[in-house]
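Undergrad: Chains as they are written, first to last, in our numbering: chain A, 80 to 505; chain B, 80 to 505.
Bear in mind the hints are in silico, worked out from the structure with no lab data behind them.
No incorrect hints appear here.
Put simply, identical chains are the same to the list, so a pair is met inside one copy or across any two.
Under the rule of at most 25 Å between Cα atoms (straight-line distance), these lysine to aspartate or glutamate pairs were calculated in the DMTMM-like manner:
#1 K318 / E475
#2 K497 / D90
#3 K176 / D218
#4 K199 / E125
#5 K330 / E342
#6 K175 / D202
#7 K116 / D202
#8 K343 / E197
#9 K176 / D336
#10 K88 / E300
Below are the chains, spelled out letter by letter.
2 protein chains.
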Amino acid sequence: MGLYFKARKVDLEMGDGLHVLLNNELTEKEGIKEGQKVLISYRDIELYVDVIQTDTKVAKDEIGLSFEIWSRYSIPNGDRVYVSMFGRPDSIDYIKKKLMGSKLSKDEIYVITKEISERKIRDIEVAYFMACFFNPGFDDSEVVDIAQGMAHAGDILDFKNSGKNSDMKGAFVVDKHSIGGIPAKGVTPLLVPIISAAGLLIPNTSTRAITSPAGTSDILETVMPIALSNEKVVEVVKKTNGCMIWGGALKLAPADDVMISVEKALHVQSYNKLVASIVAKKIAMGIDKILIDIPYGPSAKVKSPEDAEMLSEKFIKIFDSVGIESFPYTRFVMGPDGRGIGPVLEMRDILHVLERNSERPHGLERTALEMTGKLLEISGKSAEGRGYDTAYGFVESGRALEKFWEIAFEQGAKKRVKAADMKPGN
Amino acid sequence: MGLYFKARKVDLEMGDGLHVLLNNELTEKEGIKEGQKVLISYRDIELYVDVIQTDTKVAKDEIGLSFEIWSRYSIPNGDRVYVSMFGRPDSIDYIKKKLMGSKLSKDEIYVITKEISERKIRDIEVAYFMACFFNPGFDDSEVVDIAQGMAHAGDILDFKNSGKNSDMKGAFVVDKHSIGGIPAKGVTPLLVPIISAAGLLIPNTSTRAITSPAGTSDILETVMPIALSNEKVVEVVKKTNGCMIWGGALKLAPADDVMISVEKALHVQSYNKLVASIVAKKIAMGIDKILIDIPYGPSAKVKSPEDAEMLSEKFIKIFDSVGIESFPYTRFVMGPDGRGIGPVLEMRDILHVLERNSERPHGLERTALEMTGKLLEISGKSAEGRGYDTAYGFVESGRALEKFWEIAFEQGAKKRVKAADMKPGN
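Please model the complete structure; the sequences and the hints are all you need to start from.
TA: Below you can see the structure in the form of structure tokens.
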């Protein structure tokens with residue numbers, strides 16, 4: 080919200096800081112208080128200034144500029160000055176406080192994540208905040224507050240009690256998430272149908288490609304719509320127990336998108352930031368239990384087993400603090416999956432597995448069933464050590480294939496295709 | 080330098096990173112090498128990508144977008160994509176390295192200050208660099224490199240051997256600088272004429288108001304031009320031994336202006352950054368010996384005597400490393416000068432002192448003569464403990480007044496005015 084005013088030089092010295100005069104009648108109408116900060120803009124100048132109220136010194140359409148302002152910035156009498164009433168966001172002071180080495184309170188962190196979500200602070204200011212993730216760093220309780228703050232600044236979806244049968248009331252909402260960096264994109268489209276067929280709620284969100292040729296979302300999109308509204312997602316999960324959608328369409332934890340765009344400038348992300356982002360999105364999706372896939376190796380995001388272990392412990396601790404039970408699944412990987420040949424051929428591989436065709440990729444099948452089995456064990460749907468076999472049974476019997484298409488049609492797929500129909504270039 | 084290209088989706092997977100194809104003929108003409116990074120812009124998307132050369136895959140006016148790019152960023156075939164050939168600046172990697180906790184080499188720091196000067200990196204990226212001043216922080220050798228890098232990325236002025244008489248060859252180039260935060264603006268216009276009358280070279284630059292009603296530059300501007308070109312400044316000093324100009328017009332250490340604009344977003348500056356800025360400007364002005372005025376007190380920039388002492392030692396050490404002898408002049412101050420009533424009345428006070436009028440402000444006179452005396456002692460123009468008296472002699476005899484107007488006229492003043500002529504509102 081902003082207004083244009085006519086500049087008027089006034090002979091006032093205010094000492095430290097920058098001040099403007101606004102007419103009392105105007106400030107009352109706009110709900111501006113004395114001492115409040117507003118942002119004034121003139122040509123390429125942007126300044127946060129303190130408001131002083133006056134009855135007589137300026138008219139309602141004028142802004143009185145104290146000596147400090149008009150002398151330094153050469154704003155002539157009568158020129159138009161734009162005043163944004165938002166003022167200087169509190170988060171600026173909190174970010175500064177953190178940069179100077181102090182711990183932030185929960186309230187302060189919530190203000191920061193909210194004002195980032197609302198784009199009340201500029202990218203330069205967000206960059207100072209992101210720098211704090213490396214130095215001086217955030218402790219675990221701050222990371223929890225950041226994750227909560229990010230989640231609660233956006234929508235929180237509720238899948239509890241949304242199972243299709245009355246005996247699903249109160250069922251676990253589970254999920255699987257990979258920290259990324261190594262393609263394992265075939266896993267989700269195999270895991271979600273099995274888990275939901277087994278009677279658990281699994282509202283899964285995936286991403287589009289970042290460093291690999293195709294993200295899970297890109298692959299799924301070859302056969303079903305993946306950009307669903309918040310309402311539609313809840314409906315799909317209510318009917319089928321699961322979904323396989325693009326998280327980007329849900330606008331959950333909106334501060335994260337802003338923060339990622341600022342991180343991209345420097346191509347760097349801290350582990351704490353990585354954890355906060357993932358935890359925030361899972362809070363927003365109402366998840367109870369989650370399997371976190373942490374691939375490590377020379378070409379992965381996490382290089383060493385020690386880092387994978389440290390990150391596992393961090394996930395467990397931070398997730399626990401927000402009431403989500405997490406199970407890190409660390410695995411050594413040598414390099415990107417050799418089959419990274421685009422979304423259509425990757426979707427064909429997945430359908431080959433579900434259709435039990437002889438040319439199915441056995442490596443992908445094994446990885447997916449191992450993770451699915453683990454998630455079944457965690458959720459009590461399978462005895463320990465028996466998860467893989469249980470998962471295998473769902474695929475071998477064709478129940479996973481049926482569930483895959485059930486979900487796809489609820490999401491809006493128009494026709495059922497076979498692996499043999501999937502040809503690149505269409 | 081940049082060009083528009085027609086987007087063309089190509090079926091290429093490059094694994095990690097983002098790649099584009101450009102025609103060989105084009106890359107040869109533009110001097111782009113395979114593997115070089117360029118910045119592509121499409122709508123609000125800006126990406127640094129690696130160039131791959133091709134003879135056949137794209138035409139000269141096309142840019143081939145690998146799968147990673149067109150699938151993630153939804154860039155349609157045929158749309159115009161802007162390519163900036165500058166590529167990803169090296170300083171991004173060095174800033175990232177510092178943020179991760181490593182010390183930077185001299186070469187790396189020089190690249191950063193140069194690319195900031197040339198505006199090759201964006202404000203977000205500069206903000207990450209500025210955050211490093213607080214955490215992890217720079218050590219003294221890095222601060223020296225930053226100051227040198229900032230200075231050498233711009234012009235370096237040479238006043239050596241520019242004295243008016245042959246016996247001035249090799250004379251000291253001296254200066255006085257206040258770290259600011261407390262007005263002591265009358266000092267410079269009294270100090271410079273005395274020092275130059277005493278036979279030293281003093282090319283003084285001052286600033287416009289930042290937090291006070293009027294900066295020294297604003298005050299001087301009421302009676303003489305202060306925005307001089309680099310060439311004109313050298314000429315004035317050659318003729319008069321001194322100058323009193325606005326530093327902002329010289330564009331010295333240009334990275335500093337960019338860094339200050341980014342610091343302003345958070346209203347915070349570290350001591351190391353303050354020292355680096357001042358040292359950089361003094362290197363650029365070719366100063367040999369400098370008196371640094373460090374006022375401290377509850378309302379000053381520096382609050383405690385301990386901080387003033389620490390800052391003094393830092394100045395001495397960093398200035399020494401760049402071959403400048405510095406003399407910190409710490410003093411306790413209670414608050415801003417009560418006479419802060421705008422440039423015209425402050426100029427009148429100064430002229431009252433120079434003209435030896437009975438209504439002259441004795442407090443201002445004493446402060447100015449103390450600092451001037453100290454500088455005379457440092458430069459060997461006065462015995463220790465005798466500087467104040469020597470300075471007083473220059474004022475009392477009228478030689479300071481004559482020198483003031485001599486400098487003013489060389490800078491382009493049109494008429495000599497008396498204190499009694501100075502009236503506000505003109």
